[in-house]
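Starting from the known structure of chain A, fit chains B and C onto it as the hints suggest.
Chains as they are written, first to last, in the numbering used here: chain A, 66 to 452; chain B, 118 to 424; chain C, 31 to 349.
To be clear, the hints were calculated from the coordinates, so they are not data collected in a lab.
Since this is a predicted model, take the numbers as computed values, not measurements.
The beta-carbon is built from N, C-alpha and C at its ideal position, and this holds for glycine as well.
Do not rely on the hints blindly, as some may be mistaken.
Some, not all, of what chain A presents toward chain B, calculated at C-beta under 7 Å [as the list claims (entries may be wrong)]:
id: 1; residue: Thr168
id: 2; residue: Asp306
id: 3; residue: Ser309
id: 4; residue: Lys343
According to the in silico footprint, chain B covers these stretches of chain C (three or more CB under 8 Å from chain B) [said to hold, decoys possible]:
id: 5; segment: 142-149
id: 6; segment: 153-161
id: 7; segment: 298-305
Taking lysine to any residue and the SDA-like style, the derived pairs with C-alpha atoms no more than 20 Å apart in a straight line are [unchecked claim]:
id: 8; chain 1: A; residue 1: Lys400; chain 2: B; residue 2: Lys196
id: 9; chain 1: A; residue 1: Lys295; chain 2: C; residue 2: Val98
id: 10; chain 1: A; residue 1: Lys343; chain 2: A; residue 2: Asp357
id: 11; chain 1: B; residue 1: Lys184; chain 2: C; residue 2: Pro170
id: 12; chain 1: A; residue 1: Lys295; chain 2: C; residue 2: Gly88
id: 13; chain 1: A; residue 1: Lys333; chain 2: A; residue 2: Pro254
id: 14; chain 1: A; residue 1: Lys343; chain 2: A; residue 2: Asp222
id: 15; chain 1: A; residue 1: Lys235; chain 2: C; residue 2: Trp186
id: 16; chain 1: A; residue 1: Lys235; chain 2: A; residue 2: Val298
id: 17; chain 1: A; residue 1: Lys235; chain 2: C; residue 2: Pro193
id: 18; chain 1: A; residue 1: Lys140; chain 2: B; residue 2: Gly197
id: 19; chain 1: A; residue 1: Lys140; chain 2: B; residue 2: Arg199
id: 20; chain 1: A; residue 1: Lys295; chain 2: C; residue 2: Ile284
id: 21; chain 1: A; residue 1: Lys235; chain 2: C; residue 2: Ala191
id: 22; chain 1: A; residue 1: Lys336; chain 2: A; residue 2: Ala346
id: 23; chain 1: A; residue 1: Lys140; chain 2: B; residue 2: Ala200
id: 24; chain 1: B; residue 1: Lys196; chain 2: A; residue 2: Val136
id: 25; chain 1: A; residue 1: Lys191; chain 2: A; residue 2: Gly445
id: 26; chain 1: A; residue 1: Lys179; chain 2: C; residue 2: Val308
id: 27; chain 1: A; residue 1: Lys420; chain 2: B; residue 2: Gly202
id: 28; chain 1: A; residue 1: Lys179; chain 2: C; residue 2: Leu310
id: 29; chain 1: A; residue 1: Lys420; chain 2: B; residue 2: Ala200
id: 30; chain 1: A; residue 1: Lys235; chain 2: C; residue 2: Val181
id: 31; chain 1: A; residue 1: Lys295; chain 2: C; residue 2: Asp96
id: 32; chain 1: A; residue 1: Lys400; chain 2: A; residue 2: Thr111
id: 33; chain 1: A; residue 1: Lys333; chain 2: B; residue 2: Val391
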Amino acid sequence: MTILPSRTKALALAATLLLTACGGGGASTTPTVAPGPTSVASTGPTTPVPPSGNVTLTGAGATFPALLYQVWIEKFATAYSNVQIDYQAIGSGGGIKAITQQTVDFGASDAAMKDSEIAALPAGTKILHVPTALGAVVVTYNVKGADGAALDGLQLDGDNIANIFLGHIKTWNDPAIAANNADIAAKLPATPILVVHRSDGSGTTNAFTTYLDTISTEWHASVGAGKEVKWPVGNGAPGNDGVSAGVKQTDGAVGYVELEYASISGLKSAKVKNAAGKFVAGSVDGVTAAADAIVDKFPADFRQAPIINGAGDTTYPIAAYTYILAYVDQTDATKGQTLVAFLYWALTDGQAEEKAIGYAPLPAAIQAKALAELHQFTTGGTPIWPG
Amino acid sequence: MTAAGASLRPISGPRTPAPGDIARRIQRAGLGRRRGLADRGMRTLALVASLTALVPLGGVLAFVAIKGAAALNLDLLTKGPRALGIGGGALNAIVGTAQMVPLATVIALPVGILGAVYVAEFGGQRSAAVVRFAADVLVGVPSILIGIFVFTFLVLPFRQFNAFAGSVALAVIMVPVVLRTTEEALHLVPASLREASLALGVPVWRTVLSVTLRTGLPGILTGAMLAIARAMGETAPLLFTALGSRLVNVGNFGQPMDALPLFIYRNATQPNAVLNDQAWGAAFLLLLVVLAINVLVRGRSWGRRIG
Amino acid sequence: MTARSRPPRAGGRTSRLPDRVFRSGSGLFGASVVVILVVLGVQLAVNGDQALSTFGTGFLTGSTWDPVAGIYGALPYIVGTIAAALIAVTLAAPIGILTAIFLAELAPRRLALPLTFAVELLAAIPSVVYGLWGVFVLGPVLHSTVEAWIVDTLGWIPLFAGPTFGIGLFAAGIILAIMILPTIVSISRDVISAVPDSHREAMLALGATRWETVSRAVLPVARSGIAGAVILGLGRALGETMAVTMVIGNGEHIPTSIFSTAQTIASKIATTFNEAQVGLQTSALIALGLVLLVITLTLNVVARFLVWRAAGVSGGGRT
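Chain A on its own, in the form it takes in the complex (with noise of 0.2 Å):
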C-alpha cells in the first residue's frame, strides 16, 4: 500500500525489535497490508491485522480529533476494505459515557477519564487510555476591522482571553486589547464581543478552562476548569465544528477550537503569548515543543493533563493528548481484533497524517509506549497481539 516515510518506518522497526526483546520470535519490519484470516491467538509478534469477513465497529467522542479520525477510517478502510467504523464526534463527555454504558465499541476523549469517571465504569473492568495524536487549541475570531476588511493578526495574552470570556472585555477596541496589538490596533472596531464555547462536555474544553484556570485567578475561583463550566457570558454550541460555525456566522465573534476546524473554516487565531513571553500561533510544531517537553513526565497510566504554557521559546501554550478509550477486554473477538489492528496502524501508519491535517503526531517514547499498552488488550483472557 504506502511506502512508509523512512521516520515512521524507522520507528515502526524500532518498536518492533523493542517487542521482540521481550517477546522471542520472528520480528516483521513493515506492517502488512494484506487482509487474510489471523487466528487471535497467534505466536509472536506479528502484526495486528483485522480478521476476515465484514466488520463494523462502532465509537463515538471527540470532536477534537474528528477531522482526523475521519481522514484515518478512510484510508483503513481502503487497506481493509472489509472493515468498517462508524465514529460519532459527540464530544469527550458523550465518548466517556458511550463508553461507559458499553454502547459502543471504543469511546474517544481529548481529556483522559477523571477518577470518578473510572469508579464509574461496570465492576471489574478496566479502560485504557491510548493515545493517538497531540493538538492545539487556538482561540479563533471572526472580527470586521474597522477598515472594512477581515480583522487579521490578532495577539492575545493570558488575562485578556479570561477576561474576554469572563466578559470583562466587551468590545474589541477595548484598551487591553489594542495594548497586545500595537500594529493593528488601530483597526480594532467598535463591535461587541460574542463569546462562543462549547454546549457540551468537551475535552477542548477542558483543555481550554485547564488555561485559563491556570493563568487567571479569578476565572479559578469563580469558574473553575473541566470538560463543562458555568461560562459567564456567551453563547454554546455543540462540538468544535458548532463553535467554528457560530464563530464563523457572526462578525465579533470569538471561541476556541481545535487548530484544524479555525483552518478548514476559514477563521484565524490569534497568536497566544507563552510563558516564554512569546506570542506564539497555534501550529503544530508548537505543540510538538510542548509535547516534548514533558514527555519525561508522562504518567504510566497514560492519563496526561492537558499541556499548559509548556516550556520553550516557540511552545504554543495550549495543547492536548487525545485518546481512544477501550476496554482491556473485549468481550466481541472479532471487533477486539479489528480495533486493536486499527490502533495499531494509527499509532504506525496513522501518524504519517496527521502533519498535513493539523494535528501533531506523537512523540517517539509516547509512540512506543502506546504501542506497547496493545498488548495489553485480551479476549477472553487471551492476549490479542501478544507481546
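Below, chains B and C alone, put in the same frame as chain A:
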C-alpha cells in the same frame, strides 16, 4: 366549507344581483366616503397580508432551488460522506430515508387505517370520541418527546441506537395523521353502500374491507401520502433513535442509520463550506419529494373542488 | 358541509366470530393511539420524577442549569420557549387572521384557491429546511437590515436593546411565525367559512360594506374559533424543535432582549440529551420534556375546545 362563502362571490350568469352588488349600490347611494375608504383599506390590507404570507414561501423555495441545484452532482447522490467533505455525498442519508420511511409506513398504515375503521364503523360515541381526541392530541405532541418515548423503549434496553427505533418513532408520528384522514374519508362513504352490502348478507368485516375501504381509498391514500411526506421531513424523533451515521447502512435496522433531515441538520451546522453545500443539495432532494407529494395530493383534491 | 354517515348496527350479525375478531382487532389498533399517548405521558413523568422530586418547584424557578454541580433549574429554557412562541404569535396572528379573512371572504375564487394552496405548502416544508434557510439566509439578512434598524430606533427600550447577531430569539420567532402561519390560516378559514350566510346577508341587507360585514357579523361569531386557531399555532410554536435549534443561538441565560440568544426546552433537549449523564441529568432533561408536554397539551385541549365550540355554535364546521 367554501360552499358557504361561495354564494357571496359575484357569479356570472343569469342570477339575481348578488348581495354584494346590492350592498355596494346602497352604500354608494348612502353615506360611505369614510366607510368606503375603511372598506377598501382593510381589503387591501388583507390582500397585502396574504401576499406577505407568501414571501417566505418564495424565499425558502428560491434559495433551496438555487443553492440546492448548484450542489447537485453525481457525488452527492452516489457517495457517502468523505473526510473533510470533498468528493463526498449524501448516499448514507438517501439510503437511510429510503428504508426507514417505508418501514414506518408499513407499521403506521395498518394501525392508522384499522384504528379509523374502528372509530368510524364500530365505536360507540364515547370510545370513538376518545380515540379521535387522542389522535388529535398526539398530532400536537412535540416530535422530540416522541423521540424520547421511543428511546426509552427501543434504544435504552438494548443500549444500541438503531434504525428500527427510528422507524417506530416515525410511525408514531404518522399514525394519528393516517387515522384522522382515513376516518374523514370513511365518513364520506355513503351509508347506502354499506347498507346495500349488509343487506346482501355480506359480513361486516367483509363490507368494511371490500366496500367501505375501497370506496374511501382515494381519501385514505391522500392521508397516507401526506403522512409519508411528513415522516420524510422529521428530524427530532430520529435524533435519539436512529441517531444518524456516516456509514451507508443497507438493511441493518439494528444499527444506527442516517436520514436526509439528519444529514441536513448535521451539515448545515458545520463550518465547512463544502459540507454546507451538501446540506443544500440534500434539502433540495428532500423538498423536491415532499413538495411533489403535497402538490400531487392537494392538487387532486383542489381540482375536485373547482370541478 | 359534508354529510357524515353512520353505519347501521348489524344486530345479530356482529356476533359472528370473524366479525367479532375484526371488531376487536380494529378496536385494539384504535386503542393503541390512546395507549401511546398515555404511556408517553406516564414515562415522562416517571423518568422525570427524580429531577422533579430533587428540586421541587425550584426546577421551574431555578435559573441555573449546571450539570457539573448537579443543579438543574429550567427557568431560562421556559422563558426562552415562551418568548420565542410569543414573538411568533405576535407576528403570525395578525397576518394569519387577515389572510384567512381574505381567503374566506374577500378574495375572488380564482385567486383564493391558488393562494390557499400556497399557504398550505408552507406547512409541508420540513422544519430542518426552514432551519437551514434561517441560518444562511434569514439570519444574515436580519442582522444587516431589520435588527440594526430596530436597535437604532427602539434600542433605548431594554426589550429591543442590542447587541444583535442575526441569530437569536428574534430570528427564531420569525421562523416560527412562518411555520405556524398555515395552521392559523387554515383553521381560521374553516371557522370563518362555517359562519352561516344568514349573518352576512343580514348585514349586507342593512347596507354594510364588505369589511363591515366581516368585522361586525362574521368575526364576532368566529372569534372563539379564531382564538382557538391562534392557540393551536402557539402550541405548535412551543414544541417546534429543529428550525429553532438552528437559529436560536444556544444562550444559556434568561434572555433579556428579543435579540438575545436563548434556548427553548425543545432545543435544549435536542442538543444535550444524547450525551447527558444517566441519572440526574437525563432525568432533568426528561422533566423538561414533561413540562413542555403539559404546556402543549393544555393549550391543545383548550384550543380544540374553542374551535369545536365555534364550529358547533355556527352549526357544523369541521373540528
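List, from low to high, the hint numbers that the structure doesn't satisfy.
-> 4, 8
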